[in-house]
Amino acid sequence: MATAESVAPAAPERPTRTRARMVWTQFRRSRAGLIGLGILVLFLFSGLFASRLAPRDPYEIMLESGLKKPSAEYWLGQDELGRDLLSRIIYGARLSMVIGVIAVAIGVGFGVPIGALSGYFGGWADLLTQRVIDIMLAFPGILLAIVLVAVLGVGLPQVMVAVGIVSIPTYARLVRGQVLAMRSQEFVDAARALGATSSRIIWRHVLPNTLAVIIVQSTLQFASAILAAAALGFLGLGAQPPAAEWGSMLSNARQYIRLAPHSVMFPGVAIMLTVLGFNLLGDAVRDALDPRMRI
Amino acid sequence: MWAYIAKRLLLAIPVVLGVAFVVFAMVRVIPGDPAQIMAGEAATEEFVEAIRKDMGLDRPLLTQFASFVGNALRGDFGRSVRSKAPVTIELRARIPNTISLTIAGLVVAVAVGVSAGVISAIRPYSLIDAAVMLVALAGLSMPVFWSGLMLILVFAVWLGWLPAVGTDTPVHLILPAVTLGMATAAIIARMTRSSMLEVLRSDYIRTARAKGLAEQSVINRHAFRNALIPVITVVGLQMGTLLSGAVLTESVFAWPGIGRLLVEGILTRDYPLVQASVLVVALAFVLVNLFVDLLYAVVDPRIHYE
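Residue numbers (the numbering used here), protein chains in the order written: chain A, 1 to 295; chain B, 1001 to 1306.
No lab work stands behind these hints: they were computed from the structure.
Model, not experiment: these values are computed from the prediction.
It is possible that part of the hints are untrue.
[Unchecked claim] Label-pair ranges, simulated between beta-carbon atoms:
id	chain 1	residue 1	chain 2	residue 2	range
1	A	82	B	1049	49 to 57 angstroms
2	B	1160	A	82	27 to 35 angstroms
3	A	57	B	1125	46 to 54 angstroms
4	A	269	B	1002	39 to 47 angstroms
5	A	181	B	1154	44 to 52 angstroms
6	A	22	B	1161	48 to 56 angstroms
7	B	1030	A	29	22 to 30 angstroms
8	A	181	B	1160	20 to 28 angstroms
9	B	1010	A	200	37 to 45 angstroms
[What the hints assert, rightly or not] Partner residues aside, some chain A positions facing chain B, computed with beta carbon under 7 angstroms:
id	residue
10	150
11	165
12	261
A virtual CB, placed ideally from N, CA and C, is assigned to each residue, including glycine.
Between the sequences and the hints, there should be enough to build the whole structure, so can you do that?
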């Protein structure tokens, strides 16, 4: 016998769960995105469980077997001080993970609020902020990071901060653009009419709608941060010995390029694969979040 | 058109002043006595006092900045802590090397990138297209300092075809230029392919084909020129990548350019050198961006009517 409960329609799914499922379904269609995700998982796994995965102590020096080629015992060979390259590359993943997290945290932590406030309130604050951002963006690529390192000093913590600061203008511009587009929309007017303060409107209504672009940008920024830190390490401005950072490993190994090409090849492959993975993932996430891409 | 040019030139002035202020301020932000920082740790007390007087550290900040800008416009950046020679002499020796490397890198990037992009677009979804795009993706992900080392390993160490260091002949420029241009070539290839595919789907291309024009004519005379407009934008946007890539490439190949001067200056705490190098590179970037904006307005007449 039919009851009121049995003929009642099922309760609708929460919108966020449906949207997340749609995004995941779209993402799964991208082979490149899945490859990127696989690389990222490997990278995170290496970073988180470095001490368990690395076959040896990455700082253990064995001068008598310096620059030895790959073998059954040392899969990727040894560097100029006899240290196991595979272990150093695995620990380098952990260091790169920390660099990426801190750099993105600084970029998001400062760039998003600056962009949101600048875009929402406009006026003199926006004008001044945008000119400061123009000046920061007037320094090409890594040059601003180099300037900051010149001021802060050489070393890995300084590089993380420098790389984070360099990413602030990108987030600020991105979020400002999004907020400008949303500022005049009806849901903002409605919130204002209901008595919501500007602060509440920005944090509860406007910013959640910028989450998609922030996520995509952060994925790509993670890769940029690792690359920038490796570049500074290569120049001798970043991580100092004996830190197992990929860029400084390349810097130390370059003088032995004839004797031990493997010491130059493998850290570079690690950087390339990691950056490739994040770029593939970022592109696929962006496509998955774009409603126009859905069939 | 002239109004647009004037507007862009005027907008560039505050940015240039802002860049100069950042360079001016960087020495004053470092903990310690700015005069001692500029004179170097081993400088005598008299020399430090002379620097202090020259920098006008007892004067208001704005006066100091005006003095800094005035000196910079006269090409006076002080003396190198290490060599004691005027910084301008060091810059004059290095700037042409960086310019030649950047231009060579740009030529490689445009020649390889545009060619690869066009080839990929006229054979879309084929094996050639897949191969070109895969190589482009790999090129994008390779750090420039590592690709330089790999090129040295293959072409200088293993094959012995090309020299790894030196500046005596144009042949010495090949490996650094290819290293510098590779990542930008990858981006240009992707953009050219995308742009060409879009243009090849246009109505006027369909008309040209319907009129019986040979495919080569369709591509060369109609499609290519229109596809180039967004490519020029990308090339302009990549100038920053090329300039910052030059800093790293110079380090890999020991190329005596301004990027290498900058890094050496930081490692030896030679701040007059650092200030001058940063200012020159940043200003070059601003000017190049301005030039690209103006070029874009000339190539696409729609721009300056906006």
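Evaluation of the provided hints:
no.	hint	in the structure
1	A:82 x B:1049: 49 to 57 angstroms	51 angstroms, holds
2	B:1160 x A:82: 27 to 35 angstroms	29 angstroms, holds
3	A:57 x B:1125: 46 to 54 angstroms	50 angstroms, holds
4	A:269 x B:1002: 39 to 47 angstroms	52 angstroms, violated
5	A:181 x B:1154: 44 to 52 angstroms	49 angstroms, holds
6	A:22 x B:1161: 48 to 56 angstroms	53 angstroms, holds
7	B:1030 x A:29: 22 to 30 angstroms	52 angstroms, violated
8	A:181 x B:1160: 20 to 28 angstroms	57 angstroms, violated
9	B:1010 x A:200: 37 to 45 angstroms	40 angstroms, holds
10	150	5 angstroms, holds
11	165	12 angstroms, violated
12	261	5 angstroms, holds
Hint violations for this structure: numbers 4, 7, 8 and 11, all remaining hints satisfied.
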